[in-house]
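Asks: Here is how the chains run, residue by residue.
4 protein chains.
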Amino acid sequence: MVPRYSRPEMVAIWSPETRFRIWFEIEALAAEAMAALGTIPAEAAVAIRRGGSAKVATITQADLDRIDAIERETRHDVIAFLTWLGEGIGPEARFVHQGMTSSDVLDTCLAVQMTRAADLLIADVDALLVALRRRAEEYRHTPTIGRSHGIHAEPTTFGLKLLGYVAEFERNRARLLAARAEVATCAISGPVGTFASVDPRMEAHVAKHLGLAVEPVSTQVIPRDRHAAFFCALAVVASGVERLATEVRHLQRSEVREAEEFFHAGQKGSSAMPHKRNPVLSENLTGLARIVRGYAMPALENVALWHERDISHSSVERVIGPDATITLDFALMRLTGMMDKLTVYPERMAENLESLGGVVHSQKVLLALTQAGMSREGAYSAVQRSAMATWQKLGKPDAQDFRTNLLADPEVAACMTAEALDRAMDPARDFVHVDQTFARVLGGKPQG
Amino acid sequence: MVPRYSRPEMVAIWSPETRFRIWFEIEALAAEAMAALGTIPAEAAVAIRRGGSAKVATITQADLDRIDAIERETRHDVIAFLTWLGEGIGPEARFVHQGMTSSDVLDTCLAVQMTRAADLLIADVDALLVALRRRAEEYRHTPTIGRSHGIHAEPTTFGLKLLGYVAEFERNRARLLAARAEVATCAISGPVGTFASVDPRMEAHVAKHLGLAVEPVSTQVIPRDRHAAFFCALAVVASGVERLATEVRHLQRSEVREAEEFFHAGQKGSSAMPHKRNPVLSENLTGLARIVRGYAMPALENVALWHERDISHSSVERVIGPDATITLDFALMRLTGMMDKLTVYPERMAENLESLGGVVHSQKVLLALTQAGMSREGAYSAVQRSAMATWQKLGKPDAQDFRTNLLADPEVAACMTAEALDRAMDPARDFVHVDQTFARVLGGKPQG
Amino acid sequence: MVPRYSRPEMVAIWSPETRFRIWFEIEALAAEAMAALGTIPAEAAVAIRRGGSAKVATITQADLDRIDAIERETRHDVIAFLTWLGEGIGPEARFVHQGMTSSDVLDTCLAVQMTRAADLLIADVDALLVALRRRAEEYRHTPTIGRSHGIHAEPTTFGLKLLGYVAEFERNRARLLAARAEVATCAISGPVGTFASVDPRMEAHVAKHLGLAVEPVSTQVIPRDRHAAFFCALAVVASGVERLATEVRHLQRSEVREAEEFFHAGQKGSSAMPHKRNPVLSENLTGLARIVRGYAMPALENVALWHERDISHSSVERVIGPDATITLDFALMRLTGMMDKLTVYPERMAENLESLGGVVHSQKVLLALTQAGMSREGAYSAVQRSAMATWQKLGKPDAQDFRTNLLADPEVAACMTAEALDRAMDPARDFVHVDQTFARVLGGKPQG
Amino acid sequence: MVPRYSRPEMVAIWSPETRFRIWFEIEALAAEAMAALGTIPAEAAVAIRRGGSAKVATITQADLDRIDAIERETRHDVIAFLTWLGEGIGPEARFVHQGMTSSDVLDTCLAVQMTRAADLLIADVDALLVALRRRAEEYRHTPTIGRSHGIHAEPTTFGLKLLGYVAEFERNRARLLAARAEVATCAISGPVGTFASVDPRMEAHVAKHLGLAVEPVSTQVIPRDRHAAFFCALAVVASGVERLATEVRHLQRSEVREAEEFFHAGQKGSSAMPHKRNPVLSENLTGLARIVRGYAMPALENVALWHERDISHSSVERVIGPDATITLDFALMRLTGMMDKLTVYPERMAENLESLGGVVHSQKVLLALTQAGMSREGAYSAVQRSAMATWQKLGKPDAQDFRTNLLADPEVAACMTAEALDRAMDPARDFVHVDQTFARVLGGKPQG
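Residue numbers (the working numbering), protein chains in the order written: chain G, 290 to 737; chain D, 290 to 737; chain H, 290 to 737; chain A, 290 to 737.
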């Protein structure tokens, strides 16, 4: 966790204080269930709730140090916590954690933390979607060149390009919801999951009050396929962040200049070259995506724990639990801000669209020629011939545009008039279905 | 794709013949839609369907060579196919692929292949679940030691252990279903996804007949976050295979011997040591899981294609599309066979369960002591003391079991009679909730 | 292994025939060593060499089928081979493989295969270096814009850009050599590496004749950290392939057009758009790099085998051994061909270099101003001001170049004449050290 | 970076204070070189060294906050630092960083940090090797069972097992040294690596004083293949940590009990089960290894930066630079402590060695039978027959050991007397080469 890539809301979920409060909540709920079941005295549950609440309400650094000190001796984190907690409860403390095992507390706590983290991430995606939808609408009909292989292909609109990201992040939202459901389970089933010394009703009680489902079969732990699926979902979302970041990096290239990250007053792009304005946010996001992707691997390796559990997953999760969610949260917020303020240059888009002498209309000509009776292969050759001739002289004194070259080609001229060619190449035809595609994603009837 | 780790059903999905047949089906459906829309003559669609069907019905090696030869010249796979296909259609071939771009065909075909692959994988999991449920029922009440950290913890049943895998593979089944839905979309939207030269109704027609949804916003391609999610799901499933394989490897260890892979007549475990019977299937599965996991990374890197697409994803998918699905399919089938025939040794389980002098009942004693009024810390110390004393003399002449040591401990004796201790340690208490857990997964009312 | 991404030379290394020939060579050498040591009769070694040589000299498909059939019964690949081999040797066959274990054969064979594969890869890099050095020299003094963040930075030469790849692939060559040395060891030490039934002199004999070092401590296997290091080296090399491929993809962009992959007569860039010429080779290489990178993960997971060995590494290596080396070999050859024939457009480089109105000289002006007495901050502001003004009006009617804007700035004018500014911005100053950098890599004295 | 998995020595390398001190050292050395070359006044270099030294000697939290504040405005970390530094230098501050670009400072600083980190890691491995060599010597002749596939194979010694790890960590040491050399380069070559505004002699001066080599061809940055190779090396070392940790986890299993992590007075193994002593250190190390492995992937993805650089690598390195080195450093130290204090149980090893009725001597019998004239296949069958019979009745009332079963087998009896069998099975034969293997690794003449 690097402070510069962290937001306090997400960091707080993973703080020791939060963890201890959730641990206490689990123990208190468990005690209340046991009291209701008659396993422990009713007064014990009351004492635990009262004494513990006071203890965790204001956890100080001294408390954290004290817990650490006990852990150094016992080498066991939950026992250290319970010992500290017991100091605030008195003799009834012996009824805390009855029949439970540490993993009951640890894994259920992790479930609470991961679902809270998922909630933040989902909210992040919602904020991003607001920005993306707004910008997509703003440029719904702004022509720009579509590119495949980095090569001009056919016209599209900048709004349509952005709409694709709207659709992707709607999918990412659904994936985060599914990932949240994957990990939102509670297990209080004892050392090997048999409920030998705890009653399943206790588990049900705790689960219900924490908003979790009951884990159908826990061993000592909640099975780690759930967590692996969670971190994989984060990796997919992060890769989506990278896709949009990569788009912006391309658009801001000096030769393209169709869009640009907002450049703040006072900002300096380079220590050496005062003229520089660099797409540093989107490059940063690219790196952050790599990091989040990297965390999926150890999460997947965590699945195959030995027998009813070993603790190898724990060190992994102490690292990637916070680091993956904090990094992705930061990345999503940064992306939202970047897209919200992205400077867009429609004139430059128009300029680039026209820069290749009209060859970007080659498919429409190809189709018109086949419709006019040429074979597909013959039409392809003719159009390729004129397009290459146009391309090779781009920017040269003897340059000729695509239309001129086509009309000068006897094979083309033989089956198509200049008027027919102009109809075929009419840019207006490119966008007739744009509104329909918008309606697919944003709903409503197609505009226009 | 290594033949020894491949099943013909899955291999067939990825054969050139299958691919070309799906390509043709897409082109034929598209032509029929265009004919219905009046874009091309009705006779053209008929000619395409008839001529093409004959062509793809019996693709010979000579056909594959011919297509390869054309591709070597054009350096374009779809054009090579269309040229070959056109030879069987005649002049109407010029109406094939009208307004479409190669990716329309390639990506929709990939969707068909991936959904078929997913269907096989889901069937594999179903078969595995049948085997696992059967074995879980078979050993529902067979006592065995539960282990955490590889150390004896508390008794459980072998059926309950297996039930955890049933639950995990039910989750894996759901993940495969979700993964199938992720990739089951069709895109026929032209070079940059604008439908400039194709009608969206054509896309709807093809999608419907192929059992796919329409991709809401395609660029030139179906966005690769879908495929990344698919391969991540496979990685999670593979990791579940590894978990069960690892369990079997542990159970077959010479010192454990609680279960064993079926050893065939004529089988030889080692070229050097005739006494060996090794868990080679489960070790093999462990390796296969690593391979499938490894394929998730390039799939995730494929997401951030440039602009409306680049073709970097293609070589990745040519490799991992077949390799990941073929390997996982093989692994699931091998796992099913292995679990189906697993030799289980309940007597040895009982032996191991008893081998530590009864210390595995320590929690129940701890609870009884706290219930009897000892502080949690005091009870913990007393129980730990007796347990360690038992452990350290295991197998020695002066060994004493846990019960004896406890009764000899003045602090314990002070608050608990031998009868109370025996009640506390009663093994029957360990399994009272086993049926309830079974009911959670297998349904029905708890037995007994 | 996908045929289209495979070269026969590398495929042959991993064929069953090659494997069986190496297995035989190991067994024959071992037998000869045993005969020399008196462990087996001298005639036995002669019979083994003679009978086995004949057997492996012409392995037919029928032989492969026969070995497979025996393996299906014994479920052991080495025993199947030895049985088949023995059929050609007669009664002396009982002296084959004396005291050895399968891994002695398998791992030493893998070492031979991996070193042969490494030799091919090193030769590939050598060929690539020849091409890269030639092209670097060719464009040693060809001005082009250097870019950071995709934004024009300062002039460089195209040869200098290529020289960086020369240096990188020289490092990659060294890494492949080191990787080769990692895996070039032989182990013939028996079932658990104790030499209980084999003499270490036998291992030394086999190692020497195969050109391998002796593994200092084998368990049952050669330790897998060696193989992990090997596959990591391949991943680094593949990432270098991707870096150069990415550079070409950028240079070929429609807006950049500074270089282009060779476009063959008859080649078709797109089924839909006849005007397209796409950087398909470099995009393909990008994907291949992802694949090779992905193989590093399972190789790393293979290291932690259980005890003296388990066989989980085997399925992984059956896949990634061939797949990683075949894919990287193909990628390197493809990259060499691509760079060899890359079409370079120096005029377009010059055009792009000039396209931003001279702001790319901003650092030189900044330095001149500070040398002339302005504070760093003041100079930075002044230069940034003029650069931004130039940038914002690029291509507009009221555009003014950087020099004009600077001279119109009172702060700049106050400390620098037009002549001084021209001296500062002189492009010739950019390249004074280019030859010196070339000399670092290509040796010789700096030219000029 | 998780505090519990961090050592202060390694953390300090990555602190902001350290980073700023290295940045200053680079700038001061550069200024001194420039002064010597006459590029800036000699007094300027003196002022920079003096003013800056005072400034960085005692960096307070207020300084860090001040630098952060400037960075928030300029959005550029190096400019923020230079501005803050300049406040302590006065007007000569304008001569700082002349002709350099931020990456000159950042990348050279990173090289210093990574080499320092490598030095700590190498020292860690040295300490581990001391412990491992000591323990290997201690148990050089302690018999224990060697296992393949988790199944008893043949006897080995515990020292020999440990010796394999000595050899592996000697290789890991060499890899870390190579990794250190990979990243130990300095680049001061200006914005695109052309030395347009800096003199290569300045780079040479800085490199020399920092103990670095000169980067032959830098672009704007030191090429990232170097860093990728570094992090891959860490991943290999971490996987070696996992291998040893896995061995200990196996040895401590309840059924094996051949070794055990040191259990401290006051330590508690489980909150629920007072009898537990778990291999928590080795399990923790297994998890840490997964984490370090996971960092290799983003490092590999960092290689293919765009053109002369983009800044996507930066966020990755801010995370994995510290996290990978800190985690591996901690893991190595923990492993050293664990191995240093590992409790070893030679009696239990002897017990396990004998537990399978002698079948672990099967290979020696097989060899003796073939030497006595039986065919390999016949001998194999006979030995397998007796071994399986022994195995199946292990622990049963009618159990018979391997020797008894063999002697009762007519085929065996026909060609071997009881005395010959005893000679063949003599355990002493297993260890005759152990000293020789020790001599390979630890040098000296074989003992005994």
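Quick caveat, the hints were computed from the structure, so don't treat them as lab data. For clarity, every value in this text was computed on a predicted model and none was experimentally measured. There may be inaccurate statements among the hints.
Identical copies look the same in the list; a pair holds intra-copy or inter-copy alike.
Listed next, the in silico DSSO-like pairs over lysine-lysine satisfying Cα-Cα at most 30 Å (straight line) [as the list claims (entries may be wrong)]: (1) K630 to K682; (2) K685 to K630; (3) K344 to K630; (4) K344 to K685; (5) K682 to K497; (6) K497 to K344; (7) K497 to K685; (8) K344 to K682.
Asks: Within, between, both or neither: how does the pair K682, K497 come out at a Cα-Cα threshold of 30 Å?
Replies: So K682 and K497 fail the 30 Å test inside a copy (72 Å) and across (46 Å) alike.
Asks: One pair to classify: K685 and K630, alpha carbons no more than 30 Å apart. Within, between, both, or neither?
Replies: Cα proximity of K685 and K630: across copies only (24 Å, versus 38 Å in one copy).
Asks: For K497 and K685, with the copy left unspecified, which applies at a CA distance of at most 30 Å: within, between, both, or neither?
Replies: neither (74 Å within a copy, 50 Å between copies)
Asks: Can you give me the call for K344 and K630, within, between, both or neither, at a CA distance of at most 30 Å?
Replies: Classified as neither; 46 Å inside a copy, 38 Å across copies.
Asks: Up to 30 Å between alpha-carbons, please classify K344 paired with K682: within, between, both or neither.
Replies: neither (79 Å within a copy, 43 Å between copies)
Asks: Can you tell me if K497 and K344 fall within 30 Å by alpha carbon in one copy, between copies, both or neither?
Replies: within (24 Å within a copy, 58 Å between copies)
Asks: Go through the copies and call it for K630 and K682: within, between, both or neither, with a Cα cutoff of 30 Å.
Replies: between (38 Å within a copy, 21 Å between copies)
Asks: When no copy is named, should K344 and K685 be tagged within, between, both, or neither for a Cα gap of at most 30 Å?
Replies: neither (80 Å within a copy, 48 Å between copies)
Comparing the model with each numbered hint stated earlier shows that hints 3, 4, 5, 7, 8 do not hold.
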